[in-house]
Structure formats: structure tokens, C-alpha cells
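2 protein chains.
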Amino acid sequence: MAFKFNYYIPTRLFFGKGSLNRLQKAKLPGKKAMIVTGGTSTTKLGYVDRVVSLLKERDIETVVYNKVQPNPSHVQINEGAAIIRAEGCDFLVGIGGGSSIDSAKAMSMAATNEGDVWDYISGKARMKNPTLPVVAIPTTAGTGTEADQWFVVTNEETNEKIGWGGDKFYPVLSIVDPDLMMSVPPAYTAYQGMDAFYHAVEGYIAKVASPVSEMFSLKAIELIGQYLPTAVADGSNEEARAAMATASTLAGMVEALSSTTSEHAMEHALSAFHPNLTHGAGLIMISEEYHKLFAQNMPERYIEMAKVLGYPDSKDPMNFVKALSDLIDKTGTRDLKMSEFGIAENELEALADNALATGMAMFKADRIELTKEDVLGIYQRSYK
Amino acid sequence: MAFKFNYYIPTRLFFGKGSLNRLQKAKLPGKKAMIVTGGTSTTKLGYVDRVVSLLKERDIETVVYNKVQPNPSHVQINEGAAIIRAEGCDFLVGIGGGSSIDSAKAMSMAATNEGDVWDYISGKARMKNPTLPVVAIPTTAGTGTEADQWFVVTNEETNEKIGWGGDKFYPVLSIVDPDLMMSVPPAYTAYQGMDAFYHAVEGYIAKVASPVSEMFSLKAIELIGQYLPTAVADGSNEEARAAMATASTLAGMVEALSSTTSEHAMEHALSAFHPNLTHGAGLIMISEEYHKLFAQNMPERYIEMAKVLGYPDSKDPMNFVKALSDLIDKTGTRDLKMSEFGIAENELEALADNALATGMAMFKADRIELTKEDVLGIYQRSYK
Chain A
174 MAFKFNYYIP TRLFFGKGSL NRLQKAKLPG KKAMIVTGGT STTKLGYVDR VVSLLKERDI
234 ETVVYNKVQP NPSHVQINEG AAIIRAEGCD FLVGIGGGSS IDSAKAMSMA ATNEGDVWDY
294 ISGKARMKNP TLPVVAIPTT AGTGTEADQW FVVTNEETNE KIGWGGDKFY PVLSIVDPDL
354 MMSVPPAYTA YQGMDAFYHA VEGYIAKVAS PVSEMFSLKA IELIGQYLPT AVADGSNEEA
414 RAAMATASTL AGMVEALSST TSEHAMEHAL SAFHPNLTHG AGLIMISEEY HKLFAQNMPE
474 RYIEMAKVLG YPDSKDPMNF VKALSDLIDK TGTRDLKMSE FGIAENELEA LADNALATGM
534 AMFKADRIEL TKEDVLGIYQ RSYK
Chain B
174 MAFKFNYYIP TRLFFGKGSL NRLQKAKLPG KKAMIVTGGT STTKLGYVDR VVSLLKERDI
234 ETVVYNKVQP NPSHVQINEG AAIIRAEGCD FLVGIGGGSS IDSAKAMSMA ATNEGDVWDY
294 ISGKARMKNP TLPVVAIPTT AGTGTEADQW FVVTNEETNE KIGWGGDKFY PVLSIVDPDL
354 MMSVPPAYTA YQGMDAFYHA VEGYIAKVAS PVSEMFSLKA IELIGQYLPT AVADGSNEEA
414 RAAMATASTL AGMVEALSST TSEHAMEHAL SAFHPNLTHG AGLIMISEEY HKLFAQNMPE
474 RYIEMAKVLG YPDSKDPMNF VKALSDLIDK TGTRDLKMSE FGIAENELEA LADNALATGM
534 AMFKADRIEL TKEDVLGIYQ RSYK
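If you're matching them up, the sequences are chains A and B in order.
Plus 173 on top of the position in the first sequence (first one is 1) and you've got the numbering used here.
Plus 173 on top of the position in the second sequence (first one is 1) and you've got the numbering used here.
Check the hints yourself; a few may be wrong.
One copy or any two copies: either way a pair holds, since identical chains are not told apart in the list.
To be verified - Calculated cross-link-like contacts (lysine-lysine; reagent style BS3-like; alpha-carbon spacing at most 27 angstroms):
#1 Lys341 x Lys204
#2 Lys217 x Lys190
#3 Lys465 x Lys205
#4 Lys537 x Lys198
#5 Lys217 x Lys229
#6 Lys204 x Lys301
These are calculated hints, taken from the structure and not from any lab test.
Isolated chain A (complex conformation) (with noise of 0.2 angstroms):
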């Protein structure tokens, strides 16, 4: 299977290797564009001056914004919000990981909206004018934001972490080049590889699930399963990184066409209060807890997903579980612990309110109903 292909959905997608230098020839919606990325990696391995350039021998200008956080803050979108206003820029490229594409989205809503961004957020006000079109250049095989709608902001005086967007989001261009993950480390290549198989899965067994975004799940789902520990193992497989890009964008547009569910609601309760929690680790503390409970509860589906890791004739539910313990291992992420992050056992209530409200939709879209002390419950016997 050829991991390379152009998709339109609406977002214009270049994919494969090499593909940043589409930009030289790729249709651009502006003049003058402001790159938003995390001023760490990105800036190290020359991807930004990469896109400087290539950017300039078009003539088109750029400013760069390298101070987004991995779990980017309302007041950075403003700031940055600010700056796009002020220097003029009429389209942004976010370059990075998910947090360095969210800001962006998030910032071409804030640059022509005024006030602060989080009031758009949390409902208090109505945007009222177009938002600025953005490019996306994912340098990470995780979260899928160059193929989907949403984007995911965090307020750090009331810990929210609140996901957000709609079609205004979707990127017009996204340029997905495995050559630019391949420096990813290994932890980190796992924990980004994990939240895409969690996007894919959630959005398998949501309520919204369609026949399309099904098969979405499925081939992630499998294309994880069978390269996400080689990639973690040997970042320089290029077949490994690749296939991880492909389960990456796929498992985009399984969030752009389903939902998400109560998992991610659950893990984002947990790195709101905790900052320096990486997503995909949030994740995989609770997924075990998670889907065994669901499991039982749904074992058509979870028999489906059994049978693209590694159980081909899976008439058991638990399967999945096994595989997921088994990738779980196989990724070296065993021995992450909440109370590593700083997690008090004591807090775990809180968590579960926290998670209850603030995810309410994620919630909604799960195929059963999860109450408080199911939340809390699969916290606890996650804890450790």
C-alpha cells in the first residue's frame, strides 16, 4: 500500500514524503502569513526556516510566533491574536504538533474577533466575522488536526480544557511530510501515536459513527496496531513513520466526521488541572479501565476492532483489551503513573466533576451512559 495520496475533505491535503515543498507551488490564501509553532523542535531542525523560505521565494512575508506551550492557554491565542492584527498578516501556518495547529486555528477566529478568545470558547460571546485561513504542517503522527474542524484551548485560572471549533476550522491546506516526524523520540512517538489510535477508537464506537468514518477507524486502527511499535522502536524507519503519518490523518478525519468520547473527555480533566500531563500519556493510563467497561457493553464493535489487531477470527470482546494492553507493552508506555504527574489519589473526584462538565458533549456521544461514579471508578482502578 502506498502511503502517499492527496485528499480533499474540504481541506486540500498534500501527503507523503517530501511534500513540504508543495509549497512552492500550492495555492496560498494570502500575501502575508504568520507562522505559529512551539519554538523548540520546529525551530532546532530548520523546519520553520524551511517554510520562511519557501514561503519568500514567492513573495510572501512572514512573522513568526514560536512561544506556543504544549497545552496552548487562551491568553497565548490572544496574544498571538494581537500580534497577527497588528502586523497585518491575512492567513496563518501553524507547523508543529497539535498544539502549534490548534493555536492557529484558534488565533484566525481570535485575530477578527475581538476580546478575549476564551469568551467565544466557553459561549459567553458570538463570533461575528470571518475567520483567517490557515495552513497546517503536523509534525507529529498524532493528533489529526490537519484533517479536522476542531482545535483545543485551555484556561489555566478556571481548568478547562475545552475542545471547540466547527467548519470554519478545517485547515484549507494541510501538508502532511513523514520526513518531518522522524526526529520525533521514542516516548513521545508513542504517546502521539496512541492519541490517534484513541481518536480512531472513539470515534468507532460513538454514537454518531457513520459507515464512513468507520472505515476510517478501522484502517487506523490496524495501521497503528501493526507500525506504532516499529516506529517507536526505530524513528527512522521510514515505512514505520510514514504508515503512523496515514493513521494520523485518518484517525483526523474519523474526529472530523464522528466524535469523540468520554475517554477524552476523562483525560482532559486530567492534564487541565495538570499542564505538563502530555495528552496521549493521560490517555493511556485510563484506556484500559475505559474500554473494558465499554467492551462489555458493545461487543459487536469492539469484536470489529479485535479483528485489525491481530484477531482475525475474534468472536471476544476482551480481545481488544488484550491488544491494547499488548500495544500498551509493546510501546513501552506500561509504567506511566498518575501520581508521576503529580495526580493525588484525593483528587480523583474532583476530576470526574471536572470532567463531567466541561465534557459534557463527549459524554452525549457515548452509546451509553456513564455516570459519576463510573467516571470515578475507572480513575480509581486506573491510579496508581
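Chain B: place on chain A using the hints.
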């Protein structure tokens, strides 16, 4: 599996039973629509009136053009375009089979670009002005044009039938409501369903197939194998109709992302010279000989397709040809004869020349290079 989903590729797709009523609230691209249709069943069954009144409720004026023929000719496209200009319509609604929606797509260009539309399609002239937006409402399960950027126009003077298009020709909105397909007679249900089948198959064996188009292809092939015989035998079977509508749209997405192959070029030659020949029927008559040849040359791909057509453990590419023959029998299309459509055996060489000349792009999509002898041989062995 729920056969009800929304999709954005970049067409906004409303899919499923009853979805025609989405016209009450869906974002529409203008204030005065020309409705493009064939004027027989879509009118008799009241679909055109329903669309007109649904639009009227929203103060959207309509003009009905109901003279679309099975193989739309450039003359009619020009005629429709003149009416659009005279009436000042700002968008089009194509409702009916592929010919109605394709005509709307062609008129969307002809209305804003002066002269004979054939000059643009044949490459004599270049489009200067933007196309008008098109809304597509398919009433058959076959063409898939509601989900792709292509259309086919015939020039009866020169016996050319050319597939043309580009990103500007994706419908802005497509509504796929299987309720509108319930009364398609058995023979046409078979021809149209098999057309979708060949779209999926050709897209799968084409050079430019991608991991995503392959997913769509295999799912469409599987659904058609499973449901087309039922849809033909019992048109009132809602599940079979919805499954076929899904398969047809998925096959359209394959068209959008991959390509047809020389099989379509060979059929276009037949129906260009014999406009009374239904496209799907033409494909059926040549497909067994065509795929026998290709199956030998790319066994892996044919084995994968055989697996979703009732040979799950297949190791023999010829199982696909068996499954195809089986499908031809089960859909009651075994007795189609070129001779009965007025095709004379001594024409076949001219048809081969026409296919190779007019359909060059489709031959280029093949993974093997067919000679004129190959093409002629397929026609001759298919002739009865």
C-alpha cells in the same frame, strides 16, 4: 451499519432516508435556481415539484429545465446556459440521474463562460470566469457524480463522449435520499448499480489509487456484491436501496480521489456511437473480458477485491471474475448483446480507435499498457 451519514469532501453531503427535507434549512448558494432534470420520472414522481416548493418556502425562485437526455449533448448544455443567463439564475440544482447532475455541472461553466461549451471541453478554449454553484440531488444509485468533480458530455456530430471537470465542479451540496430511488425499475437498478461497481473496481486497479480511495473502493464493492441483487429483485427493499445509495456515493468518492480506467473509455466509445446504449449496460457487456485480462496482470489487487465479493480466503485473482459473472447473472443482465444496441461487428475497430483517441487519459490511468489489439480483442470476445 447505519447507512446515514454527512460528509464534506469538499461537497457538503446530506445522506439518508428523508434527507431531501434538508432543503428546508441547508445553506444554499443563491436566490434563484435553475433546476436541471430529465423531465420524465423526476417530474412524474413529483420530485421536481417538491424541490420547487421547498425552495419557494425559502423565497428562492426557480426555473425548470427538463430536457436533459441520457447522454447529455453539448447543444443542450449551451441551450440551458443561455436560459440561465436570460433568467439571471445564480445557482443550479441538478436532480435525477447522472445525466441531469452532469448537465448542471456543465451548465455551471457554460453559463458564465461565453461560446460553445464544447470548445472548453475539447481544449479549444480556456475558462475565464468562475462557475456557478451546483446542488446535486441524485435519484439513482450509480453515477456518484454527487460526490465528485467530473461530468460527461457528448458531441453527437463528432461521436465524442468526453469526461471533463476539476475542483470547481464539486457540488457545493449533495443530498442523497434513497427514498427518491425506490421506484427505479429493475433493469436500470442493475445498470446503475453496476456502473458504481465499475467505478469502485477501476479506481482500485488504477495507477493513482491511494490508501483512502482503496478503502472506499473495497467498501463499495462489498456493498454492491451484497445488496445489488436484492435491490434489483425487490426495489421496495429499503435497506438494499440505502446500501446501494451508499455504495454509489462511495464509488463517487473513488472517482474523486482515484480514476476510471480504459474500461470506461471503451464504454464511452460504444455509447458515443450508439447514444441509445445505457452506460452501465455498455460496461457490463465488456467487463468480463476486460477484467480477465487485467486480473492476470495484477493478481494481488484482484485477490483483495475477490475477498470482499464472497471469496474471503481467495488466493486466485480469477475468483473476482467468477464473482463478477455471478453478479451479472444475479442482476439479470447476462443477456445484454451489443448487436441489439445496433453495434455491428465490423464497427469494433473504429470503436477501438475512438476509445484510444478520446479516452487517452483513462488508458494512462491503467497499470498496464493496452495496445489497440488488446482493446479490439476485448470488444471482439465480448461481442454477441
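### Query
Failing hints, ascending?
3
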